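In order, the protein sequence lines correspond to chains A and B. Note that the first sequence covers residues 1 to 338 in my numbering. Note that the second sequence covers residues 1 to 271 in my numbering.
To be clear, the hints were calculated from the coordinates, so they are not data collected in a lab. Treat each hint with caution, since some may be false.
[Stated by the list, open to error] Beyond 10 Å from chain A on every Cβ pair, some chain B residues (computed):
(1) E44
(2) A63
(3) S66
(4) A91
(5) V111
(6) P112
(7) P140
(8) Q153
(9) S161
(10) M194
(11) S199
(12) T203
(13) A207
(14) M242
(15) G247
(16) Q251
[As the list claims (entries may be wrong)] Subject to a maximum C-alpha distance of 25 Å in a straight line, what follows is the list of computed DSS-like cross-link-like pairs (lysine-lysine):
(17) A:K332 x A:K228
(18) A:K76 x B:K159
(19) B:K237 x A:K293
(20) A:K205 x B:K225
(21) A:K36 x B:K225
(22) A:K122 x B:K225
(23) A:K76 x A:K61
[Claimed, not checked] Incomplete in silico selection of chain B near chain A, CB under 10 Å:
(24) S86
(25) V89
(26) G263
Here the structure is a predicted model, which is why all the values come from computation and not from measurement. Each residue gets a CB set at the ideal place from its N, CA and C atoms; glycine is no exception.
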Amino acid sequence: MEEAYSGIMVYAEAAGSGLKCSARELMGHAGILAAKIQELENKQVPVSAVILGPQNLEPAKTLTGFAGRVYWCDRKELTVYHPGLYAGAITGLVEKYRPEIVMFAAGPAGSELAATCAARLKTGLAAHAVELEINRDGHLVQLVVSYGENIMGEILCPAHRPQMVTVQSGILEPPVSGTAAGELIREEIDLRDDGRLTITAIEGKGNEACRLEEAEVVLAGGYGLKNKKNWLQLEELADLLGAATGCTRPVLDEHWVDDEDLMIGISGKTIHPRVYLGIGISGSSHHTAGIQKAGWIIAVNNDVQARLLQMADLRIVGDGPAIVAEMIKIIKGGNTST
Amino acid sequence: MNIYVVVKPVPDPKTKLTYDPEQKTVIRAGLATVINPPDKNALETGLRLREQSGGRVTVFSLAPPSAGESLKETLAMGADEVYLVSDPVFAGSDTLITALILARAISAIGVPDLVLAGDRTTDSGTSHVPAQLGEWLGLPHLANACEIVLRDQKNLAVKTSLDEVFISYRVTLPAVVSVTRRINRPRLATLLEMVRSRSKPVTLLDAAALNLSPEQTGLNASPTKPGRLLPARPVVKEGTIMSGTVGEMAQEILNRLQSLGYGPKAGGGLG
């Protein structure tokens, strides 16, 4: 069964006239994995990319720098993200070219698409991998962050092909430019639209959506803030500092805030600010996976053992809410003791 | 309108987890659980649609029998009945097989007009199950819904939230839709409703009831298998530790921000 499958396929998402950062990261991952399989099994392991939408010719050309083959499906029904049709196109290409590994970026659309394709292909899918390896059997080992404890779990898909995975973005540095001289192939895929799902409107989220990812300073709050009033104080402080606010999952669970776009970590945002200030955050792997690329880390926590403190450049052992209130007071009072 | 809501009891965030060294999964039996928070948003969506158009809201949950107690909360919030899909042979199922079992349970009771779910769970958090459930049922499905409006008896308008855009769809019922937390604020069950919910039915559906053989479910049937469990390797820095009065600590942070070039923005006291 395995012999019939070969190579690595990446679903690449475009953004504007270029590629999403996640697409370049995935291509980087794919190249490393392909080299490992190649060395282990002494066989050619082609890396290919799939890009959908008639408007994406330029990103498709960019992809040829990273992949041996770029399959570009330019049907006009694929202009806007349509889960059923997108999954149909990708599934069709997987069945046609039979890659042994298929990779997606773990965003809202990538996760939905990967799950749909895996169900149609009746194969295994791991979610939000933070590390990928090839074991000595030549199988993909997908490392995911386990819930609660600071444990990583390996996930394998030993007997089904392709092995599918969504990869947490922002873990690997994306290659700046590709050196491959790939072939761009226009794909005619038979898309069966049963008409049960139709697109009616598209609306940009505006700058707010990327605020957290693009911010130079992020002020993040966790369960240690204790209540909504303290969360609102943190927002006030962020405003005074010109920082973006972010949160951990318990803050959403407690309904101190309802905007999921503010969540940092696995199944949330990966951020790379120059300064990250975390208040009342213990530092579970789910959260810290999203701040690996932060420059300076300042952490405030009562518990000297908190993992986030261990990761921080400046560790403040004290009461988060009280310190937030005091910082606001100092700024508003113009108390410049420096 | 006949609505099913798929919910998952997840470990109470305030309890400590233990792992089964054989199955390499969290031991769920006897674990204190709460309803996965986004699933409550899905239930709230269902309850509001029922208020608007009549019908029933039925909860389905694939969980160990011990989770029955936390499912009572869905009845107290207003669900009409609960099906607890549970069998020891289901243990260790991955998302594909979990979705298969849920699809069988839903088909056994009768495919409704709409199946709702939370878009991700707070434990494993794959967000795969709703889409895969839609595939097993052969129904159109959408994830990341932040707004749902019933247009007529046959069509739903669904707005979804992606990275940079909102995309709206019209979907023909029956369909499967998973919702984000921003869709609504779930109601709180009152004490009286908690008491009343005791008389509402919780029906068990096991493998036999769903005509599922042991080979079709559980870890053995699942394409993905857990491998080793490894300790996370956090980045540990040689940071400066500081403690003192609240005033001193607040000032230290502000000083540090300023030395990095990020003082309070114009209009603030520092500059």
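* Going through the earlier hints one by one, which of them does the structure break, listed in rising order? -> Those not satisfied are hints 7, 9, 14, 15, 16, 20, 24, 25.
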